[in-house]
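Visitor: First residue of the sequence shown? That's 2 in this note's numbering, and the numbers climb one at a time after it.
A few of these clues could be false.
[What the hints assert, rightly or not] Below, computed lysine-lysine pairings styled on BS3-like, alpha-carbon distance capped at 27 angstroms: (1) Lys-609 - Lys-558; (2) Lys-171 - Lys-194; (3) Lys-508 - Lys-194; (4) Lys-176 - Lys-554; (5) Lys-511 - Lys-485; (6) Lys-622 - Lys-586; (7) Lys-643 - Lys-684; (8) Lys-463 - Lys-524; (9) Lys-715 - Lys-367; (10) Lys-295 - Lys-338; (11) Lys-461 - Lys-558; (12) Lys-212 - Lys-479; (13) Lys-585 - Lys-530; (14) Lys-479 - Lys-178; (15) Lys-511 - Lys-609; (16) Lys-479 - Lys-176; (17) Lys-194 - Lys-771; (18) Lys-209 - Lys-171; (19) Lys-194 - Lys-295; (20) Lys-485 - Lys-438; (21) Lys-295 - Lys-586; (22) Lys-586 - Lys-367; (23) Lys-409 - Lys-388; (24) Lys-461 - Lys-554; (25) Lys-295 - Lys-508; (26) Lys-715 - Lys-746; (27) Lys-461 - Lys-547; (28) Lys-338 - Lys-725.
[Stated by the list, open to error] So the derived label-pair ranges between C-beta atoms look like this: (29) Asp-653 - Met-587: 30 to 40 angstroms; (30) Glu-644 - Thr-506: 43 to 53 angstroms; (31) Ser-437 - Asp-324: 20 to 30 angstroms; (32) Ile-365 - Lys-725: 13 to 23 angstroms; (33) Glu-625 - Asp-570: 50 to 60 angstroms; (34) Asn-726 - Phe-61: 28 to 38 angstroms.
These are computed hints drawn from the structure, not numbers from a lab. The beta carbon of each residue, even a glycine, is placed where N, CA and C say it ideally should be.
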Amino acid sequence: MSKPQVEAELSLGLVILYKFINDFWSGLIVGILFFPLYLISNFLSRKVASILIAVIFVVFVILHFSLVKYSLTTLINLGADVLGYSFDDAFNTVASSEAISFVYFLPFIAFSAVFLLLYLLLKKYAKASIVLWSGLVILLIFGGITFFLSAATSEKFQNKTAFLVTDIIKFQKDKNKLSAYNFSERSDYPLLKPFNSPDVLSSFLNTKEEKPNIVFIVVEGLGSEFVDGNNYSGFTPYLDSLIEESLYWENFVSTTGRSFGALPSLFGSLPYGDQGFLEIKDTPSHLSLINVLKANGYNTSFYSGDAASFDRKINFLEYNGIDNLIDESSYGSAFEKTKANEGGFTWGYPDSAIFKKALQSQSIEKQPRLDIIMTLTNHEPFEYPNKEEYMKQVDDFVRVSEKTDALKEQILSHRDIYGSLLYSDESLKDYMEAYSKRPDYENTIFIITGDHRLIPIAMKDKLCRYHVPLLVYSPMLKKAERFKSVSSHWDVAPTLLSYLQHNYTFKPLKEASWLGQGLDTVKNFRNVKHIPLMRYKGDINDMIYKEYLFANKELYKINEDFETSRIEDEALAKTISDSLMAFKKMNAYVTQHNRIFPESLNIYSVSKRKFSDKELMLINKYAEGKNFDELLIIARDLAFDKEYETASLLCDYILNELPNYTEVRVLKGRIHAWKGDYETAEKLILESITRSPFASDAYAAILDIYWWSDQEHKSEQIFKQAIKNEVEDPEISFKMAKAYQRKNKLENAQKIMDSLIEVYPESAEYKNFKSGL
């Protein structure tokens, strides 16, 4: 029998010792690796060798300090996940955590200066023999400590630079190993099976005649530790009250440790690919709750406050045919963005704005509806409206709380984070109370969960990163229930679809490729599922297997309170490791070879444009080494030179990756207009306005198209829409004045020109046009 080993808290001295040991070994390895370079350069010039080695080690010092700052902020080491982010996404993630300013770089300068000073002092005053013998003594001491104290090699003590390098090497090694498997003989679909997930919800719901509206609320950073009387609870009073009126899964998990996994897991029960499903450039054929519900008459909408292009969410949503996509480009002056941090960064709009926008946009006439709301506020930099007021509420809570002094101190050290929970909870309450006054409330099912657990708050174990709540709340519920059985995000889509298909008129879904089997509604603690977990992009090294957690080769027992204790059981660890490897093989096969769901059966999804080999050669000719902004300029120049086909091809290439790039869609529309295809041009530009209702370029383009195509009777409605959306661009007003002139509505043209000249009294162009009316 295996014996639990509860990990004790280490003293500060031991922690420092372990970290110093790991830093020593890492420094030694770096020195050995660069020693040949030093010898070669020293042979040519001793001065050049000294400068070269000094520069290399300064670079390492700066890199290491950057990684330490990242680790202190996120409480995890940066590893192969760095490969899964574009430059823009990586910059936004860092900028949200740290204000990039001169002060930010001071520690980098200071550490580099200290290193150079020590280097020069040693070089000048230390004898080579003393340095050599001292190094050998330290090597023997640290070698002995490392050999006898295995805890020193634990992941949390590892050198940050060494972890980054080794994790990337491990990721590439695993990737190459999986790629080496011969899949060429395979053409099967291992996930495809008859859709027969059990309908576990019918017994809890009073089913109505009309299909219900479904509202998903995915709360950023909402871990189970922060709700329902758990360790860090008390800051979500409304959500806690809602739990008591809901179906509630206490031991529920997200499948990833970051937000990138929420959409594909919750709505598609999908595998991960190499670095998260959203990062797969050529989206494999698949089903999702979004496209299946749309095929059955649902109007589908997505609401967020950030850019939908982050983490490539928009690509997933577009593929699944989302009807309405509201992101940060869709808010007008009535909404205020979250306050920027000292570095000028803001993710977008806060939770109260997101919920308010959703209420404004959810059409009661278009039913049934699937509405997906992803909140934003519980994320670095933890800025939100009335922040000081909410942090004062945190102080008041701590003052009367019966929590331990240590926990109170921890809460007060993160007042901004706990204040964000209070703010987010109140925003949710306002949304639910407003929704309850709508006529469709009685026939709506709300599903509330977290995308992952808040990262900057210290975690008690490796399981709680994934531990999130799941609530199913509805006026249709017969009674509230609690379940301690384990389920995951993968189980939500098959469960909900099974309920809808069994109780309403639905086109029968005969086959599916869900990874989840459905929500487990057993009230006692149990786990009948194998759940591989992707901690971050590129890392599939954790797995929940029955009542065990296998985390990066370490084995833990999960108890009824969903807490873990370290155990040693080599046979069990081998079994789980083999199961995890089998999943990795399957994951690699189905995502790399488009074998999730047959395209021949997929009547639900909207595929991206596929390019021929000839087209790809032409695209690469212009795109190689260029970013999308630079490629847009090239496409525009080609269009001006009347190379319309090539310019349009480059537009399609950009839109495949960035569907909401308004300037590109507008250029493509103009190209069609210049070719005389006004119908397609109008369709493209109007789609641009729908996607980005505050983009002035689109309004200017459609006014031009209506002029060129002799459809100026449509211009006035577009102009009114621009005014309603407060698109303040004098070019649009001037174009409309010209349209009125051509339509001989001179009085209307005069009014517009008067208002323009009032704002721009020095404009000779405006004055000359007015005088000619």
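Visitor: For every hint, state whether the structure bears it out.
Guide: Hint by hint, here is what the structure shows:
no.	hint	result
1	Lys-609 - Lys-558	violated (44 angstroms)
2	Lys-171 - Lys-194	violated (33 angstroms)
3	Lys-508 - Lys-194	holds (17 angstroms)
4	Lys-176 - Lys-554	holds (18 angstroms)
5	Lys-511 - Lys-485	violated (31 angstroms)
6	Lys-622 - Lys-586	violated (35 angstroms)
7	Lys-643 - Lys-684	holds (21 angstroms)
8	Lys-463 - Lys-524	holds (24 angstroms)
9	Lys-715 - Lys-367	holds (26 angstroms)
10	Lys-295 - Lys-338	violated (31 angstroms)
11	Lys-461 - Lys-558	holds (14 angstroms)
12	Lys-212 - Lys-479	holds (17 angstroms)
13	Lys-585 - Lys-530	holds (16 angstroms)
14	Lys-479 - Lys-178	violated (51 angstroms)
15	Lys-511 - Lys-609	holds (25 angstroms)
16	Lys-479 - Lys-176	violated (49 angstroms)
17	Lys-194 - Lys-771	violated (70 angstroms)
18	Lys-209 - Lys-171	violated (53 angstroms)
19	Lys-194 - Lys-295	holds (22 angstroms)
20	Lys-485 - Lys-438	violated (33 angstroms)
21	Lys-295 - Lys-586	violated (32 angstroms)
22	Lys-586 - Lys-367	violated (43 angstroms)
23	Lys-409 - Lys-388	holds (19 angstroms)
24	Lys-461 - Lys-554	holds (18 angstroms)
25	Lys-295 - Lys-508	holds (11 angstroms)
26	Lys-715 - Lys-746	holds (14 angstroms)
27	Lys-461 - Lys-547	holds (21 angstroms)
28	Lys-338 - Lys-725	holds (20 angstroms)
29	Asp-653 - Met-587: 30 to 40 angstroms	holds (33 angstroms)
30	Glu-644 - Thr-506: 43 to 53 angstroms	holds (51 angstroms)
31	Ser-437 - Asp-324: 20 to 30 angstroms	holds (24 angstroms)
32	Ile-365 - Lys-725: 13 to 23 angstroms	holds (21 angstroms)
33	Glu-625 - Asp-570: 50 to 60 angstroms	holds (52 angstroms)
34	Asn-726 - Phe-61: 28 to 38 angstroms	violated (51 angstroms)
When each numbered hint is compared with the structure, violations occur for hints 1, 2, 5, 6, 10, 14, 16, 17, 18, 20, 21, 22, 34.
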